[in-house]
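Assemble the complex: chain A is given as a structure, and chain B must be docked to it using the hints.
Chains as they are written, first to last, in our numbering: chain A, 13 to 195; chain B, 13 to 195.
Honestly, I wouldn't trust all of these hints.
Stated by the list, open to error - Chain B is faced by these chain A residues, among others (derived, beta-carbon under 7 Å):
#1 G63
#2 V67
#3 E69
#4 E72
#5 S127
#6 G132
#7 N136
#8 Y153
#9 G155
#10 H181
#11 Q183
#12 R185
As the list claims (entries may be wrong) - Sample of chain A residues with no beta-carbon within 12 Å of chain B, all distances over it, derived:
#13 D77
#14 G80
#15 D124
Please keep in mind that the hints were generated in silico from the structure rather than gathered at the bench.
Cβ coordinates follow ideal geometry from the N, Cα and C atoms, glycine included.
There are 2 protein chains.
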Amino acid sequence: IIVFDEECFQGRRHEFTSECTNVMELGFETVRSLRVESGAWVGYEHASFQGQQFVLERGEYPQCDAFGGSNAYHIERLTSFRPIACANHRECRMTIFERENFLARKGELSDDYPSLQAMGWCNNEVGSLKVQSGAFVCYQYPGYRGYQYIMECDRHCGEYKHFKEFGSHCQTRLIQSIRRIQQ
Amino acid sequence: IIVFDEECFQGRRHEFTSECTNVMELGFETVRSLRVESGAWVGYEHASFQGQQFVLERGEYPQCDAFGGSNAYHIERLTSFRPIACANHRECRMTIFERENFLARKGELSDDYPSLQAMGWCNNEVGSLKVQSGAFVCYQYPGYRGYQYIMECDRHCGEYKHFKEFGSHCQTRLIQSIRRIQQ
Chain A
13 IIVFDEECFQ
23 GRRHEFTSEC
33 TNVMELGFET
43 VRSLRVESGA
53 WVGYEHASFQ
63 GQQFVLERGE
73 YPQCDAFGGS
83 NAYHIERLTS
93 FRPIACANHR
103 ECRMTIFERE
113 NFLARKGELS
123 DDYPSLQAMG
133 WCNNEVGSLK
143 VQSGAFVCYQ
153 YPGYRGYQYI
163 MECDRHCGEY
173 KHFKEFGSHC
183 QTRLIQSIRR
193 IQQ
Chain B
13 IIVFDEECFQ
23 GRRHEFTSEC
33 TNVMELGFET
43 VRSLRVESGA
53 WVGYEHASFQ
63 GQQFVLERGE
73 YPQCDAFGGS
83 NAYHIERLTS
93 FRPIACANHR
103 ECRMTIFERE
113 NFLARKGELS
123 DDYPSLQAMG
133 WCNNEVGSLK
143 VQSGAFVCYQ
153 YPGYRGYQYI
163 MECDRHCGEY
173 KHFKEFGSHC
183 QTRLIQSIRR
193 IQQ
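Bound conformation, chain A alone:
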């Protein structure tokens, strides 16, 4: 991943092949554009992998609105990054549960679902989930919109038993679309 402190790949530049806990330590004030040359990465709003998270796949992100989400609360910066190691799994498998602690109705996922309701999930919420293999990104709204939560089989042992474990910025159980992260 190559990051720049100005829009359109201008200004100070730095290339990473592994995680970076704080771009400010490299003399950056912020990151305003970036290019992913290989792999799949997560970018975080704050240092040490805190705040809003954004999946970053191969391609060009010339300004903040290119990596940001569609939330009312727009971010203007990325401060830390890491590669998604388990995005190289050929097969992605996940179980979603209606309630916390892996309780109530469940659904097995191994594909991309722009609308969980269209695939038969009778709810706009997910209470907890287990990732058996690979990595997924969950979104608040249908069509891959709103806050993003990156879920990996090799973090938390793949277990996310309460919405507070979905991400440090997660405040509700609202999840309406889910897709695999591949590279």
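For chain B alone, coordinates are given in the frame of chain A:
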């Protein structure tokens, strides 16, 4: 589709089963929340299917940021709607071309591609495209972000030979992710 003139499914309400060219004619000032109960729809910023376009799949959109995109230019309204008739195709097939008028290198698509570059397309642009069956949504940036362009086999005979035909709001050939629209 059921639309509301206030956030969180409050205020004046109207249900549609076919296209609506202008919600203002029904006494709405704007649409601030909506629920898609069946099918796949497109919502437009302006009347008569003009301006930014947004794919709307089954689920709940409690406020404008839920259906809007991640663009710097945020919309606060939807004014017209129509169902995507050909989203009921079982198979979606599309050919993308590097240049206008179906020229230069081409790629055949029949799946979802959060990064066209990761699947081997050596460019961040698409010059023209043909939809053989079904419907797709193309996005400016990787990971289904940025402006959306809805492409259907039964509109324009499925042929989009210049970026100006991608949508009335389209100003560049930048397309970095594409996915099928199903229902």
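Okay, the hints, checked on the actual structure:
1. G63: Check failed: Cβ of G63(A) comes no nearer than 17 Å to chain B, outside 7 Å.
2. V67: holds (6 Å)
3. E69: holds (4 Å)
4. E72: holds (5 Å)
5. S127: holds (4 Å)
6. G132: With Cβ-Cβ at 10 Å, over 7 Å, it is violated.
7. N136: holds (5 Å)
8. Y153: holds (4 Å)
9. G155: Because about 5 Å separates G155(A) from the closest Cβ in chain B, which is inside the 7 Å limit, the hint holds.
10. H181: Cβ of H181(A) sits 15 Å from chain B, so the hint is violated.
11. Q183: violated (14 Å)
12. R185: Not OK, violated: R185(A) not within 7 Å of chain B, min 13 Å.
13. D77: violated (5 Å)
14. G80: With a cut-off of 12 Å, G80(A) comes too close to chain B, as the shortest Cβ separation is near 5 Å.
15. D124: violated (5 Å)
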